Amino acid sequence: MDFIVANLPYLLTGISVGGQYALIAIGYTMVYGILRLINFAHGDLFMIAGFIMVYASASLPLYISLPLVIILTVVLGVLIERVAYKPLRSAPRMSVMISAIGVSYLLQNFAWYVTGGLAKIYPEIPWISDSVQIGPVSTSRITIITPILTIVLIIALVVLIKRTKIGMAMRAVSRDFETSQLMGININRVISTTFIIGSFLAAIGSILYFSRYTTVTPTIGAMPGLKAFVAAVFGGIGSIPGAVIGAFIIGICENIIKALGYTTFSDAFTFALLIVILIFKPTGLFGEKESEKV
Amino acid sequence: MSLIEVRDMKVRYGGIEALKGVSFDVEEGSIVTLIGANGAGKSTTLKTIAGLVKPVEGTITYNGEDITGLEPQKLVSKGIVLVPEGRRVFGNLSVYENLRIGAYLIKDKAQIEAQLEHVYDLFPRLKERSWQLAGTLSGGEQQMLAVGRALMAQPKVIMMDEPSLGLAPIIVRGIFDIIKKINEEGTTVLLIEQNANAALRVAHHGYVMETGNVTMEGTGQALLNDTRVREAYLGKAK
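Just so you know, the sequences run in chain order A and B. Residue 282 in my numbering sits at position 282 of the first sequence, with consecutive numbering throughout. Residue 1175 in my numbering sits at position 175 of the second sequence, with consecutive numbering throughout.
One thing to keep in mind: the hints can contain errors.
[What the hints assert, rightly or not] The list that follows gives simulated cross-link-like pairs (lysine-lysine, DSSO-like), each with its CA atoms no further than 30 Å apart: (1) B:Lys1078 / B:Lys1107; (2) A:Lys162 / B:Lys1109; (3) A:Lys86 / B:Lys1078; (4) A:Lys162 / B:Lys1074; (5) B:Lys1010 / A:Lys165; (6) B:Lys1078 / A:Lys165; (7) B:Lys1010 / A:Lys162; (8) B:Lys1107 / A:Lys165; (9) B:Lys1010 / A:Lys281; (10) B:Lys1109 / A:Lys165; (11) B:Lys1010 / A:Lys86; (12) B:Lys1054 / B:Lys1156; (13) B:Lys1107 / B:Lys1074; (14) B:Lys1074 / A:Lys86; (15) B:Lys1074 / B:Lys1010; (16) B:Lys1127 / A:Lys162; (17) B:Lys1127 / A:Lys86; (18) B:Lys1054 / B:Lys1109; (19) A:Lys162 / B:Lys1054; (20) B:Lys1054 / A:Lys86; (21) A:Lys86 / A:Lys162; (22) B:Lys1074 / A:Lys165; (23) A:Lys162 / B:Lys1107.
The hints are simulated quantities; they were obtained by calculation from the structure and are not laboratory data. Treat the numbers as computed from the prediction; the structure is a model and nothing was measured.
Please model the complete structure; the sequences and the hints are all you need to start from.
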């Protein structure tokens, strides 16, 4: 019993961190599903969302700055697609990927320029940062809210994809661009929708993440971005349930490793996991086999 | 005036001229077929009319209106649909969803329901399998689905790229019966086929294409009886 009580905070943190990774991972996996593109700029979009909140909350009340963060992040996400990816629609995949890396550095350097490289303190959001008591364990409310909110958002997303017309179009476009066009589907609109959803979830993920790890720096997007990417690969890139399960597994494992006293190795674990997956199951837990049907 | 008039259409892929100035007409209510060997430019012709490929020169008119270079979704909303080569059903969607996506641009629910019933009448097989993933259907069933999906858009012109390719002879016969039936219901059909014999039999008018040009035309029957066509495409000596 003592062992459980002692380690319960780590487990709760793991679930919570897993939820944050999941929100970012969905952006990677959905964009990959439709464009077959690893959007390297996604982690940096998450970082920019953090800075928007820092600057917005400095002069605006929370009830304005929170929605503003979400809206601006979505606008930026869609803008990145329009400017950096759309003109390359018929270019080789490698060109688009290089463009994505370029956007990633552009965003980071823009953040350096604006902040002067200094870490900024994320504003404290009342209520969600309060501490609560779960049985014998005391933790902040955000630890509890994160997984619940994540799961609610994911259920909403799955309903959207399975039950709505735009969701059906997204599934069709992910399978076959040309035939989707022949059905009268405007693929650019479908792609924009994908970026709207991915950026929206990244903005929520950023609010939850930075409310816990309160400093924002220009390179802060790299680590959570990479881990979310590993989660997406682990679950099978292109698969939403895969990304979510992968994210929770990575979040929980990392924190269990910390609980066991090997904090130094918690990041190493994630990337070792990536290597192992790529060797033994390159398509991930739920990934489709790449088979071109003739 | 014909329903579709293609005039001097040229298409280039990179440096290669795939169509070197193709002209032909499709009369309203008829079945028109383009026959010819591989690489003659038949598929390119259909893709260009459907808006997937932009011509470098030439015009396409539909009902007297210039539709050259319009986006595919604009053409679908005008009633021109293409059943692509190799069926290309969405394997990750159910049969029902494939049909629903065919009616993507139709807003009226009752209209979609009515059209769905109509397609199920034409292809009872699809109704039996409506909840199955399209990827699990047989080749013939996938072709039915591809045609049914195109009909969901309530087209005025349906273009079909090699609908009989890779199917068993008995199923091929069924497909040609369906083409005739669709046409009798008032839909104009533009068909391209390797199976020139069967295509010319159902067609009112035919065009022969060779390396990016239209080289002959005539009624289906006339082309069937033409010695040059017989030798080149029907595998029959005089």
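Evaluation of the provided hints:
1. B:Lys1078 / B:Lys1107: holds (14 Å)
2. A:Lys162 / B:Lys1109: It holds: about 19 Å lies between the C-alpha atoms, which stays within 30 Å.
3. A:Lys86 / B:Lys1078: Status holds; Cα separation ~26 Å.
4. A:Lys162 / B:Lys1074: holds (26 Å)
5. B:Lys1010 / A:Lys165: Distance of about 37 Å is beyond 30 Å: violated.
6. B:Lys1078 / A:Lys165: Satisfied, since the Cα-Cα distance of roughly 21 Å is no more than 30 Å.
7. B:Lys1010 / A:Lys162: violated (42 Å)
8. B:Lys1107 / A:Lys165: With Cα atoms ~11 Å apart, Lys1107 of chain B and Lys165 of chain A stay inside 30 Å; holds.
9. B:Lys1010 / A:Lys281: violated (48 Å)
10. B:Lys1109 / A:Lys165: holds (12 Å)
11. B:Lys1010 / A:Lys86: Measuring from Cα to Cα gives roughly 27 Å; hence the hint holds.
12. B:Lys1054 / B:Lys1156: holds (22 Å)
13. B:Lys1107 / B:Lys1074: holds (15 Å)
14. B:Lys1074 / A:Lys86: Measuring from Cα to Cα gives roughly 20 Å; hence the hint holds.
15. B:Lys1074 / B:Lys1010: holds (21 Å)
16. B:Lys1127 / A:Lys162: Holds: Lys1127 of chain B and Lys162 of chain A sit about 20 Å apart, inside 30 Å.
17. B:Lys1127 / A:Lys86: violated (39 Å)
18. B:Lys1054 / B:Lys1109: violated (33 Å)
19. A:Lys162 / B:Lys1054: violated (34 Å)
20. B:Lys1054 / A:Lys86: Holds, because 18 Å separates the two Cα atoms, which is no more than 30 Å.
21. A:Lys86 / A:Lys162: holds (26 Å)
22. B:Lys1074 / A:Lys165: holds (19 Å)
23. A:Lys162 / B:Lys1107: holds (19 Å)
When the structure is compared with the earlier hints, violations turn up for hints 5, 7, 9, 17, 18, 19 and for no others.
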